[in-house]
Amino acid sequence: MEADQEPPGAVGAVNIKKAPPPETSESIWTRRLVILSFWTVVLLFGLPVWYKTTTVYRAALPLQAMNDWADGKICRPVFPLRIAIDAPSLPHQDAQHLLRTTQHALDDLNEFSAHHLRLLLSEPSTPSNASQKMTMDLDSSNSVSKGHLHDEDIALTVRMLPGSYTPTLDVYYTPNQIPSSSSTSSPLATFVAYELQRVFAEEQAQLAHLLSSSATSQTGQVKSLSKDDAVRLARQTTRSFKYAPTYHLTFSLFTPVAVPSAWEIRSALEEYISPLLESLSPISNFTVDTQVQLYAKFSHSFHEPEYDTSLKAWTLQKEELSAFVNAAEWPLSPSIGVGPTINFVLYVPAENQSPLVVKETGGSSWLIPQWGGVQILNSGTLKSTLSREDLQPAMLTFSHQLMSLLGVPHAPVSLPMRLSTLTRVRAASLLFSASSTLGSLARLTQALQSIAIPDTVAQAVDTTIEHLYRACNELREGRFATALESARIAEAEAEKAFFERSMVGQVYFPDEHKVAVYLPLLGPIAVPLVMTAIKELKSTYKRWRAA
Amino acid sequence: MLLHVRFLLSFLCLFFSQVILASSSDYHERLLLRPLPQNALLASFNFRSNESLSSFEQQNFRYLPRSVGQILQHAHTKELHLRFSFGRWDAESWGARPWNGAREGGTGVELWAWVEAETDGEANARWLTLTNALSGLFCASLNFIDSTKTIRPVEIFQPEGNHQDANLHLLHGALPHEVVCTENLTPFLKLLPCKGKAGISSLLDGHKLFDASWQTMSIDVRPVCPTDGGECIIEIEQTVDMVLDIDRSKRPRDNPIPRPVKIEDITCDTSKPYSSQDSCYPLDHVLEPSWSVAEIFGRPLKGACPLTAAEGDESETVCLNVPPERDVEVRTQGYHAQRMREGGFLRCYELPTGEDFDLFLAEQSLETTIPLPQSPLYATRSIVGHGQERGGVQAVITNPSDAAVDLAYLESLPWFMKPYLHTLKATITPTSDNSSYTHPIKETYYRPAVDRRRGTHLELLLTIPPASTLTLSYDFDKAILRYTEYPPDANRGFDVAPAVIRLLSSSGEESPKGVYVRTTSLLLPLPTPDFSMPYNVIILTSTVMALGFGSIFNILVRRFVGADEVEKRGLAGLKGVLQGKIGRWRARFGGKGAKEL
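In order, the protein sequence lines correspond to chains A and B.
Under the UniProt record's numbering, think of the first position of the first sequence as 1, with each following residue one higher.
Under the UniProt record's numbering, think of the first position of the second sequence as 1, with each following residue one higher.
In isolation and in its complexed conformation, chain B is listed as follows (with noise of 0.2 Å):
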């Protein structure tokens, strides 16, 4: 049983890059439904396809969308890779990320590209088209992507697709405050041969899509050359990954609000004292949930794409990581095939094409759980410090495993969020006799902020010891904006992109595209001024110089005399004019009031 579950744990680490690296036909597809603890459920899709390199530069565009091409071409653009995410996977219950982090990116965009260009102010202007074509491909923010959020990083990315270019220039942006949702899910779907309307793309709905825990969507797109010499292809992937709860997502659409559970479905735990008739304290799920595609989805699928391959391991394009012994029920009308793989720890199911097709798991209870392959690591980072003026960021890396690893760390921090380098401390907890890990930072690349202009980049390259946890801490100032350049939610806060952590492996095991861990977005307390200042300022400004002219030219214009020699009518002044009005007036009416009587 032990060998077996090790075995199972190499399998699932692989699942994903297996994927890729069998292929054939020039579109695929594959959905993986995985049960989490905690009652979520991972929903990872997959889709691939392939455009040959002479039909991509004639613009004859097949499988490749019209859009993206042309974006591509028009931008000099080698390699993209663009992310839609929000929330937070949680690697201690969850276990290691699907495509070990390589499809994801942090919370809200986040886009780098390989831009070729013969210099560095070539490379800038058309990483500017870039952002805006796909700024308006994809209804996202991408315009604000200027120089003050782009980077050029060093380290942490590698290019994944084979390049013989060598004026690349490496981008990368991010837009942590953009808020990702529906109107980013429609192009996506567009962008798909069969469009949401078959396959397994046609389970994807915005309104459970964006209800998920976790989710994020990517599009990278890069060249393939084949080792054997044959023709390039330019190979568009898609993905999309994201945590159901699978009590939420049950929920009908037009009743979505959650109800207590009826005394009589509670099972109590007697064993309790106070446990009577009246009084009760609930028990966990022992149960397995029962759930079904179509319940989770909203929908059914509709049949198989039939772009995809007819036989063999692409025909099977919905696989279900569960434990042999669960249950599992096919509703369909259609022909199907399924097929135990890993031990029956994972089922494969070819679709029938043109049928509705279901998958149905009643509530059970299971001896064995789906062994989680753990994360190789762990990273939570945090604003510190109070006050408006300055503060601090501190980033905790767990290493779990046995053996030390090095790693890329990097940080692109907006401009009005300036560190101090020499504040930057890592420390290692448990602190090792090993002299090699005193000094867990081997190399650092720094670009400092420059106002307005650009932002700050850092990058590290660290290592952790085995079983450690290594702390790193930095000192910031708070830059004050001008009155223009807060946003209309000034004091929300300001995003601070997540920091991107990429796994250097010691050893040779290494996919192509890397192993990521990315931390959550910051959130940056600005001290915000008053709005109505401009005003105020030009008022009380008037008013000084108002008063000041007043009295220069007063001193210079009036005559100066003794108090007694004041003429009389100046004395009583307006008093005077007033009082002489007010007795004409009173004679007059007294006058009349008079002849009257």
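Just chain A, same shape as in the assembly (with noise of 0.2 Å):
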């Protein structure tokens, strides 16, 4: 049949059938050897020259020791308190005495083992690099009788002592109360426990909820705390601003009207403002600016305040508080800078709604978490200036408020010391955020495997890390500044490896993407390496086959 096809031409060449010589090995192997090495080039030179130029970059990153940290496995931090106690009036004997029962006492009551604290003896020898150093003068009751003795008429006595503020907790007994070598335990020594406990008792808590409520799986450290305690500390977290070196603080006077147009901002402010700034100096900066802005009106969502006859005022509901400061039209844009913007609002209503107050509690000032604070200044006459007096209670409010922003603790009275309970709170908390962060970090990189990793990124990482080891470190030998200095650097490290812009720029080029582009190179070429491949295997097969 197929012969009748073909042309009469080619009958001659089918009758007349010629083989090919047979192929000599040598242009067989010749042939074998052309083909393995264009298969080598391809393989070991071509696909990885194509993958390396076509891939995103991405730097190594310590990914598991992101994930300890996240988890909490590597630091587990502690806070060594070290108190000192100085009782000069008694025989080293009978204090090394006391010191160990009250430290008995005091590790009694303790449930929260990551704060600790640690009484030793004031001597000369005691290390002054004890960041944290309680002075406990036990002064015999001897001497104070005597000094009544002497000014009986004196109702009270006050220290000046020169230099620097350190806390000092002054405790009076009778020598009586001394306990004896042989007891364990003495109600001195009780009493004295107990009384530092409770002086730190705010900062367990906070640092406590703190642990608790950070990822990190630490179970058996964490002092369970009361329902009550654990919600209002919750609520005094979510209103405190992150911990930042530089805060600005913004001053605005807000009027519906166009008085009063001027206030005098610049003494109050020396006067109200400036001492509790430079009391907080030690922890961070702040700058300070003001304005006055006229014609601010609420925003149209915003239900005007009615007049409530008993009280004789007009009422702003409760829950309409969070839509009082209109946020669209009065200019309250953070300061420029690195750190967080505190804005206080001294908001003066117009004669005809004045006084205004809230209408459940009759307040008149009210804070807004993580944003600042607000207070109406119901002042009857509107003068054009506002003067330094009507500013007074204004001002006293925004430093309780800036206080309560800051995260300041509220216990114990002596400012000082709830300052250095910031501290440590503060370095806790970023050490916590930083590894969160590391942990956040590692998890995205893991998921998206198509998006670069830069250079600077693992750099970052790798500081943070290190800052983190130094921060945990510090806290673990009681040097709670440099440790927050530490976390600070960490924490900004992280967010900086976190928010890196390159990163997110190549996730819309996907590898199908890719592949598609170079389907023209890479087909053509593809094919005829397989095919000849696969006929050569075959023919090998076929003459092992009959050999």
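No lab work stands behind these hints: they were computed from the structure.
Treat each hint with caution, since some may be false.
[Unchecked claim] Ranges of calculated distance between the beta carbons of each label pair, as one might list FRET restraints:
#1 B/S401 / A/E329: 41 to 51 Å
#2 A/S301 / B/D269: 53 to 63 Å
#3 A/L44 / B/M545: 12 to 22 Å
#4 A/S299 / B/K262: 40 to 50 Å
Computed from a predicted model, the values in this text were never measured in an experiment.
Even glycine gets a Cβ: it sits at the ideal position worked out from N, Cα and C.
Build the complex: two chains, separate frames, hints provided.
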């Protein structure tokens, strides 16, 4: 049938069938070598080069370490506070014994092992680098009573001590209260331990709350908090700002009409705010700016105040307070420069809406979490200039609000102690936040395999981990100020690594796209390579079967 | 009468500068309304506030907006000038520009500032900070003023304020492509103490402002030190100048489509031979149109801003520049005062506080017209030439006065427009015999462009003889941009910033602000590529490479035999395989069919 279809000229060719000369083994080997060398070049050189030049750069990250930090496996923050007992009137032996019993009592009271109060006897040899040092003056009551004998008329002795402030707890006792060397407990020791515990209770609660709310699994250490405490602390943490080395304070005078158009803010700030900022300066720096804004109207969605005849005042609904500040129109943009801005708004209502109070509480000031504070100034008749005296209540409210916004604890009474508590709480919170940022970054890079990771990210991660280690060690050794500094650097670097801009650019360039673009090259090259390889393998197999 | 008019002319020229010099209270505002020919109305708003230098440094802001103050301090900027403009001032019919052009910018956004810095690098960094911060404040793309759009002018701008510091760097940038709109007006109004809620700023409305034929908004911050050695102040001056079309502005907002005038209302030219019942040649308006402030701006003035001075010249915040015979009706419930100035050509009003205020001018035929001051210069600039490769620029500057003028001329060209300086020609028409006018270019300052790093900066000092026209022309090459450097609307063309001209007065009478004229911006068409090009290139190159690879590989791998030596299977190839398959299928099908049969 085939022969019929073929042209007449071909008939001869078919009839005189001529086989090609047998291939020499030399040419077979040449061909095999050619195919092999092409395959070698393609596999060893071509594909790697193509892959290398078209993949995004991913710097190596210490993923394991990052996850470990996030899970809290590496650092268990502890807060050993050293408390020096200064008892010059006691013999050394007795003092040592008192210290031991007090420490025992203290350890019994303390159920939060991460926060540890360690007592040491104040001696000239006491290391001066002990960062937290609370001197207990154990004066024997003899001297006190002696003093009383001499100056019976003196109602109160005020001790004026020069130099920097050191937190001191004075304990007065009668000689018979000194524990005998044989007893294991004494009322005095218990009293001192109880007092110390009370002083640091708020700090312990804050740290415990921090530990329990962070993602770390350190259940063993965490002291259980009562429900009320937990709610209170959670509220306190949500309202306070994240720690920053610099805060910008903006004091603004708003009024819906054109008066008052000026205020004696410069002297008011000097009088009421500057001293507070000065005492806060070891923790953060502050810049202060002020402004006057007239014709500040409420936003349209805000319910206008209503007149309450029983209160004889204009009232605002409590749930409406969040909309009180008209963010769209009032110029309260953040200040330029690094650091968050804390806004303090002094609102002077128009004369026909004065006095203006909150309906439920009758108050006139409130705090907006992580933003600032608002105070309504009901001053009766409107003057064109507010004097320093007019501003006094508002400034006192603002200073109180500032403390809350910065997260300064409410107890103990002494401000320097509250600030040193703040240092420890801040250091711990920054440590946790930097660790969890590292964990998020690790998860992100694992989840998105196609995003680029520049070297700067790897460097930032390394710096973060280094400073986290440093902060953790410094906490353990009780150097809280330097721990805060290290934790701050760690936090800043972690944020920098996480928000690296060049990481997101390549997300929308998937691998399929890459292959599609290069298919005109890869396809025509791959087909002959694969086909010849198959053919050659087949013929080799045939020849091997034949042999 | 002639004497009167001449007096008035000089007054009108000085009106704007006088406003600046008289200053006592810390906040001042004034609105000037002046009807222009062709049913146009010039509305010129001026707001000025002062802040003492010490409270500025302590960041206690009262009249100076906190946002601007902080930006200036952060960027170490001592003097700032920012302009948002669009439209063209028709100098031939509208006369001299308001403020002599000193409060005007080129189309788009223009910014120049004196920045305090030790080195050029530091100045550039602070300039970058400044542009970025202002960009956020005014919702404008000012952050696109990068090194390619920044120049350091030499002659054209002089500081308006009093500066003690020597380390000041003047930087200038322009964005001719920027569209000025409502989002720029809102932050502008927020900077005012009365916020558009009272005073003349209550008239400013985006719908009307950006519907104007010509509009410019400016912000100028400068330090002013009194000559008697008192405390220096920081002065912020904001102006809005616009030319509104009265007919267009009077259209109601809910029904803005223009309707043809009813036939009964048209006055016909009966002197035409074809004038009859059904054919009419309409006459031009012979009457002054009727308008009121509320109609033109869409709302009445909401009383005085209480921060302005209560009495004296400063309290007169609205001035109307109409002939004395024009009837003006004041519509307000509150107390107001009116004073006639300059022979009745200027009426100034003291506004009531807390009450609406409106001015109504009825239709009226007038004997006298207000004499408009003549523009000191007319300038136009255009692109000439054809093709995608090169082109030319021609600037025509006319001096209509009867005295020679010296002027500085500034061009800031983008880097992709590469001028040839040797083709720069300046010709004077009509040609003059006076030898001192044969070379109008006195000095040239030229800083050539560097690709993708900086633009061309060309500054010329020119002299134009009386009643003559100077034509400047030069050729340029169009660069080909990279694929990613084209904007999304690449085929629209690229905007080139307007040329800035400053009059250098030969006589002593010069205000510190100077006299400026700006040309319109240019639209430069560049060759645009096919934007699918990169993919085409990859695919084409790949195909060529694959083709080459295939041939070489086949030559190396295939065995060559004579045509008659080819194995049968090899010759039949795919055809044989297919035929075999078809045959087998057919046999099976046919067999089945036979069985069934």
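Taking the hints in turn, this is what the structure says about them:
1. B/S401 / A/E329: 41 to 51 Å: holds (48 Å)
2. A/S301 / B/D269: 53 to 63 Å: holds (58 Å)
3. A/L44 / B/M545: 12 to 22 Å: holds (19 Å)
4. A/S299 / B/K262: 40 to 50 Å: At roughly 45 Å between Cβ atoms, B/K262 and A/S299 fall inside 40 to 50 Å, so the hint holds.
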